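Got chain U sorted already, so can you dock chain A onto it with the hints?
There are 2 protein chains.
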Amino acid sequence: MAKKDTSKSALRTQKGVSVSEITNNASIKQLKQKRKTQLKTDALIQQILEGNITALSRAITLVESTNVKHLKDAQTIVKLCLPHANKAIRIGITGVPGVGKSTFIEVFGKHLTSLGKKVAVLAVDPSSSLTKGSILGDKTRMEDLVKDKNAYIRPSASGEALGGVAHKTRETITLCEAAGFDVILIETVGVGQSETAVHSMVDFFLLLKLAGAGDELQGIKRGIIEMADAIIINKADGDNVKKAKLAKLEFNRALHMYPLKDSLWQPKVSICSAIEQKGLTDIWDMICDFEKLTKANGYFQQHRSNQNKFWVLQTIENQLKSDFFNTPKVKIALKKELERIANHETTAFAAASYLLNLK
Amino acid sequence: MAKKDTSKSALRTQKGVSVSEITNNASIKQLKQKRKTQLKTDALIQQILEGNITALSRAITLVESTNVKHLKDAQTIVKLCLPHANKAIRIGITGVPGVGKSTFIEVFGKHLTSLGKKVAVLAVDPSSSLTKGSILGDKTRMEDLVKDKNAYIRPSASGEALGGVAHKTRETITLCEAAGFDVILIETVGVGQSETAVHSMVDFFLLLKLAGAGDELQGIKRGIIEMADAIIINKADGDNVKKAKLAKLEFNRALHMYPLKDSLWQPKVSICSAIEQKGLTDIWDMICDFEKLTKANGYFQQHRSNQNKFWVLQTIENQLKSDFFNTPKVKIALKKELERIANHETTAFAAASYLLNLK
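Residue numbers (numbering that gives the first Met the number 0), protein chains in the order written: chain U, 0 to 358; chain A, 0 to 358.
Bound-form chain U, shown alone:
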């Protein structure tokens, strides 16, 4: 290389600098920069694999960044972490506000670390930008777990679009798994679309409920019960114990009315007191039973593979739709066609065909 540089200096100009030298200097600088970035990325990945929490947090920040350069680095890091990920069990936790999700996650997380597990807690909450606060934002609600060196709590990724938040959460799971976490708990509120997204990225889906009088399932979005692998009746302490036991019976009956799941897992109902720390062993044992059953019958692996396929297709479909429906011409015409349908001037299919021909 040195020899080549010397020969090139024959082209030196009056000002003492050759064109190729400038180019060389620039590309050397670029190369150096690239090398530096790569070294930084390599070092970060190495630290993540060693379980360094600071490195993990930095990588997640890159994943969550909207800066194009950061996103490119993030993609490289996630890609290189992939072969080291995929080993944890991913548990989704949902329930309406007030059901005690944070307290449950804190005591359940502590229970798991006491068993020697490394636990990461994430959240999917696309509405956080509206409610001016993410569901895990108030870390003081989990003050014991926060101090636990085997636990890692990451407040929810911000973002308006659920697709974007889900994307970031999926990549964060990969990073946490590469960092050696055994259990990933993903919290979501039981309203809106987020629990469907979370259901599509976890192995086990857990619905928290309170024991109360009357219609136990009121207030939950339709379809969530069918998604649940377990219903946990929380706050089963003091005067609530009897009510919780009754609710357990009712839910069990309801769950048995459903057709068997593809996993061949019969969803279960458990009661739990997060405050009195009761029922935690049962819940973890149940999840282990689920893992054992579904790994033996092949569902666990198949399900993860289906989830990957789902996210590929889902991401593409969302992009195709967004490209189409955000075209100004289409936006205006769609509104008009819907009015024409309402006035019985056209059918849904004629309108669709007309709109498709606009682009």
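Please keep in mind that the hints were generated in silico from the structure rather than gathered at the bench.
One or more hints might be untrue.
Lysine-lysine pairs mimicking DSBU-like chemistry, simulated, CA-CA at most 35 Å apart [stated by the list, open to error]:
#  : chain 1 : residue 1 : chain 2 : residue 2
1  : U       : K320      : U       : K260
2  : U       : K71       : A       : K358
3  : A       : K71       : U       : K320
4  : U       : K33       : A       : K328
5  : A       : K335      : U       : K291
6  : A       : K241      : U       : K244
7  : A       : K308      : U       : K328
8  : A       : K334      : U       : K68
9  : A       : K260      : U       : K334
10 : A       : K244      : U       : K260
11 : A       : K330      : U       : K358
12 : U       : K328      : A       : K320
13 : U       : K358      : A       : K320
14 : A       : K267      : U       : K260
15 : U       : K320      : A       : K260
16 : U       : K244      : A       : K267
17 : A       : K334      : U       : K86
18 : U       : K330      : A       : K308
19 : A       : K335      : U       : K294
20 : U       : K78       : A       : K267
21 : U       : K330      : A       : K68
22 : U       : K335      : A       : K358
23 : U       : K334      : A       : K86
24 : A       : K330      : U       : K68
25 : A       : K335      : U       : K247
26 : U       : K358      : A       : K358
27 : A       : K334      : U       : K33
Being a predicted model, the structure only gives us computed values, none of them experimental.
Chain A only, in chain U's frame:
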């Protein structure tokens, strides 16, 4: 016009025919043909509006045709029937094979015609091409209803793609309504995707069940129970009466566990013997109650408007996806990317982004 033709004849060639004369003759012929088609179409529409069954059948055949010319005529007919449609109540009927759908529809249909209603029976069964027979194909199973002059039975539209079958069924509903039918019964098998499609084109969705021992809801696809506005326990005759009453209790309990529907309608359970013709009045009364409630609270109209919007968007989305995923380049690359994901070489999101850039 005649004058113009005469002046043009000055350009007459040696052979005695001018170029413009040929053109004129051709366009006159075209015009005549167009006029003839329009007359035929107008006559057909007039006959449909008069309730002529032969004309209705001919129009439905045009809707179901794959011939481009027929489809164009069909579109015109459906469009001109639209202002006269939209007046019937549309009832979806589903249940696993063996539950007695055909017998139920026959006696329920006869019950409705005895009340002075005109009843059309359609079917959505996209799998008919596979099972070598459509669910309503065997008209002998409804031999009484077939002979009833106030009933019209149309076997399922054939077709491999559910989207296409649904499209044809929706347009057939319009034609039947324009022909003055008051009740449209749409039968579908309770497996696969067809009941979701039917649910999206009816006002009231009815699930037929048998009373049996054990888990009553086994064998039905997940989600169907949540769709149902009523569960009818069929074959409640002889020794089955007691079992049916027990099943009614169980289902009622299960239905009450669900959150309230947007329609504010509390789904109901009814028992029925199609053979002994018992319970039919209750079922029709229930549907009338539903119609009254939802027309009063505005849900009925809103729901139909939402269904129209759903079909516009659904048709567009299906076309966008089909255009994208049927590109040979994408097909090959998708397969490869899914393999790369399985080998932990790429993420779902990186794969999606790569595939989107292919087109």
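Hint compliance check: list the failing hint numbers for this structure, sorted ascending.
20 and 25
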